[in-house]
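Protein chains in written order, with this note's numbering: chain A, 1 to 234; chain B, 1 to 299.
Some clues are possibly wrong.
What the hints assert, rightly or not - Covered, in the sense of this in silico footprint (three residues per stretch, anywhere, with C-beta under 8 angstroms from a C-beta of chain B), are these stretches of chain A:
| hint | stretch |
| --- | --- |
| 1 | 5-17 |
| 2 | 79-92 |
As the list claims (entries may be wrong) - Computed cross-link-like contacts, PhoX-like style, restricted to lysine-lysine with a CA-CA straight-line distance of at most 25 angstroms:
| hint | chain 1 | residue 1 | chain 2 | residue 2 |
| --- | --- | --- | --- | --- |
| 3 | A | K25 | A | K229 |
| 4 | B | K293 | A | K129 |
| 5 | A | K129 | B | K170 |
| 6 | A | K129 | B | K87 |
No lab work stands behind these hints: they were computed from the structure. For each residue, glycine too, the CB sits at the ideal point set by N, CA and C.
Each chain, letter by letter, is given below.
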Amino acid sequence: MLKVENLDVYYGNIHALHAVSFEVKEGEIVTLIGANGAGKTTTLHAISGLIPIAAGSVRFLDQDLTSLTPHKIVELGLTQVPEGRRIFANLTVKENLEMGAFTRKDRKGVNDDYERIFTRFPRLKERLKQVAGTLSGGEQQMLAIARTLMSRPKLVLMDEPSMGLAPLLVKEIFDIIKEINATGTTILLVEQNAQLALTIADRAYVLETGRVVLQGDAKELANSEEVRKAYLGG
Amino acid sequence: MDFLQQFCQQTLNGMSLGSIYALLALGYTMVYGIVQLINFAHGDILMVGAFVSYFVLSKWGITPVTLMLSFLPSMLFCLTLGVSMEKVCYKPLRNQPRINALITAIGVSFLLENGARVIPAIGPNPRVFPTLPVVNYAWLGVSISRVQLLIFMVAIVLMLLLNYIVNFTKIGKAMRAVSYDKGAAYLMGINVDRVISFTFALGSSLAAAAGILFASAYPQIEPYMGIMPGMKAFIAAVLGGIGSIPGAVLGGLILGVAETLTKGFLSSQLSDAIAFGLLILILVVKPSGLLGKPMGEKV
């Protein structure tokens, strides 16, 4: 579904990604794990078209994404839940959801999706007219996910969904991610919380200073000596 | 009683001048909110707007109906001008340091002013903007002219329309989203380029309307006529809090009233000094403006 090959990205003079290659197949949950600064968010930004790609290719559903604008990429069905939620705090919850559906023109389908979102996130329904900045951290993360789902994505990129949330909420968010995946949406998950990410993922890639250093089945990686030492605290 | 009468009269005059500033300030503040650019060429759009209406009225003759109708071509022309200005001059600089676009804006401003001087149909000499016969309505010793009524009417209608667009339409909501977090807007699939164009279109057409109103109140038009109102509207936008739409309206009204009160009670030569003094004062006391949010630079 998504095929990234030999991706090179520069931030000014800094060579941020070195020939990064990986693949996400339809229906999977794939996770990119790695320490701070390994290039996880950079990879997602490059896929979404936010930063220019120096070399390599990104293909999604047999379409080359490298020269597309970010909104075209969303239109194709690849949407991101950005790091740190990045909800529009000055807009109401409803307006945030509308912005998620910006690329869509099928009003009927959009209205159906509101209903689906409200059954899955009843708390958002209660707060529909509230300004999003007044929501709690957990609610904001749910809104960020719900907003992304409004574009009816085929593949969702999730950037650190557990960031800054209490353990109980993290579990809730990860349950939601599993649920979204179960309804047929493919997921590429970026996480610093490697342990948790490996429990729900099918496959994983380990990034280190802009390179893929390990890859494989998520359960095998979780048990491998190397990964345990480096990322799972022994 | 005499003092009170004069005070009311000057306040009324100030509000009508301030409404023009407000219309112009809205363009500054919206563009700043979306692309963090002070579009210094914005005041010159007012001049272009006035001239388009001047040509239309010279052809059709001046009646209340033709005056109202002349808003349409003028606003459309300036809308196109504003959008092309952004596409040609500012868009290529969007990923460059902000100062580049700012200097470009000053360049565009000079281009419009001096370009207008060179065009034979406009030329460097002032022209008389066609006006309707003066009619005054008096109430309790305070008089309001027909032009002032027109200014209030047009300003209120346009502001209500703008309020509707920004708060209740999809593109208006997208404007607010982009101004809050452009990166997130990209990731949600919002067509940011279109939102930016739309913002320039809105601001420029409001400036065109302000131009016609300004020319109706001060019926002498020339290529440099946009500089002073442009400056004042910029001050108004900063005063109200740059990026804040209600702030622009409030700032415009305050500035207009402060100016006419100074003219009426102190000295007519001091009025510009008061306007710029207000700018300095607000920058010292509350740099984010009356209704602006404190600005921490976003990372």
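Evaluated hints:
{"no.": "1", "hint": "5-17", "verdict": "violated (count 0)"}
{"no.": "2", "hint": "79-92", "verdict": "holds (count 9)"}
{"no.": "3", "hint": "A:K25 - A:K229", "verdict": "28 angstroms, violated"}
{"no.": "4", "hint": "B:K293 - A:K129", "verdict": "22 angstroms, holds"}
{"no.": "5", "hint": "A:K129 - B:K170", "verdict": "16 angstroms, holds"}
{"no.": "6", "hint": "A:K129 - B:K87", "verdict": "36 angstroms, violated"}
Comparing the model with each numbered hint stated earlier shows that hints 1, 3, 6 do not hold.
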